[in-house]
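Please put together the full structure from these sequences, using the hints given.
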Amino acid sequence: DVIQKPSQNPYDDLKAAILQHTQPSAAERVEKLLQQGWTGDLKPTALLNRMKLLAPGESFDTDFWKLLYFRKLPSNIQPILANALKREPIESLADMADNIIETVGPPRIEEIPHTSHLIPTKSELPAAWEERILKLEAKIGALTLQRSQLRSRSFNRRRVSHSRHAPRSRRHENKRNNICWYHLTYDASAHHCLPPCQFQAHSGNEPAQQ
Numbered sequence: 159d160v161i162q163k164p165s166q167n168p169y170d171d172l173k174a175a176i177l178q179h180t181q182p183s184a185a186e187r188v189e190k191l192l193q194q195g196w197t198g199d200l201k202p203t204a205l206l207n208r209m210k211l212l213a214p215g216e217s218f219d220t221d222f223w224k225l226l227y228f229r230k231l232p233s234n235i236q237p238i239l240a241n242a243l244k245r246e247p248i249e250s251l252a253d254m255a256d257n258i259i260e261t262v263g264p265p266r267i268e269e270i271p272h273t274s275h276l277i278p279t280k281s282e283l284p285a286a287w288e289e290r291i292l293k294l295e296a297k298i299g300a301l302t303l304q305r306s307q308l309r310s311r312s313f314n315r316r317r318v319s320h321s322r323h324a325p326r327s328r329r330h331e332n333k334r335n336n337i338c339w340y341h342l343t344y345d346a347s348a349h350h351c352l353p354p355c356q357f358q359a360h361s362g363n364e365p366a367q368q
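The working numbering puts the first residue of the sequence shown at 159, with every later residue one more than the last.
Source of the hints: derived by calculation from the structure; they are not laboratory data.
Every residue gets a Cβ at the ideal spot worked out from N, C-alpha and C, and that includes glycine.
One or more hints might be untrue.
[Claimed, not checked] Derived DEER-like restraints, expressed as beta-carbon distance ranges:
1) 220 x 310: 29 to 37 Å
2) 343 x 213: 15 to 23 Å
3) 243 x 216: 16 to 24 Å
4) 200 x 347: 35 to 43 Å
5) 263 x 240: 16 to 24 Å
6) 244 x 354: 29 to 37 Å
7) 200 x 345: 43 to 51 Å
8) 200 x 240: 31 to 39 Å
As structure tokens, this is what we get:
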């Protein structure tokens, strides 16, 4: 008989063997992810972190993982994020979902998804809902812009500047504050506008529809 040499690292070998038999397989982790649901006190960013813990090493910016995460979000915020699903990374979707819940409040029980369902499109929603979604999108954009401006102002207070262009910078900032989120984001290509917006289209461009 061939006698196997004793291991030089018996503790590490034993630990690896135990982990191999006790850790869930890839299939079991995916099954847990499919069963992972929303709870009322859970932020969308926290839900994403839980999913990442269940599937370490996975690239969550693939269409599969983004769609799986999207379908786990409350149904009342899915239509708002539907347009951003393909173009935004999954971390941005989670941050946007956090902002939406901070704005509209936590979802009701009937808005919490229990099973996977098709993504609703705006054309399938009543006109009143579409208008509400547009307003929420603008409000979320305004909140995001406001946070960015607050961080910028806090940083500027810590700096001592004697630049001759300071008055010009203030005028530029005031001008940006008087432009709605749609025009600030999409410029002359915006299809919507929220009053009182003072955006002026460049020569040759028509103003956006309100």
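The hints, checked one at a time:
{"no.": "1", "hint": "220 x 310: 29 to 37 Å", "result": "holds, 34 Å"}
{"no.": "2", "hint": "343 x 213: 15 to 23 Å", "result": "violated, 33 Å"}
{"no.": "3", "hint": "243 x 216: 16 to 24 Å", "result": "holds, 18 Å"}
{"no.": "4", "hint": "200 x 347: 35 to 43 Å", "result": "holds, 36 Å"}
{"no.": "5", "hint": "263 x 240: 16 to 24 Å", "result": "holds, 20 Å"}
{"no.": "6", "hint": "244 x 354: 29 to 37 Å", "result": "holds, 33 Å"}
{"no.": "7", "hint": "200 x 345: 43 to 51 Å", "result": "violated, 37 Å"}
{"no.": "8", "hint": "200 x 240: 31 to 39 Å", "result": "violated, 21 Å"}
In this structure, the earlier hints numbered 2, 7 and 8 are contradicted, and the remaining ones agree with it.
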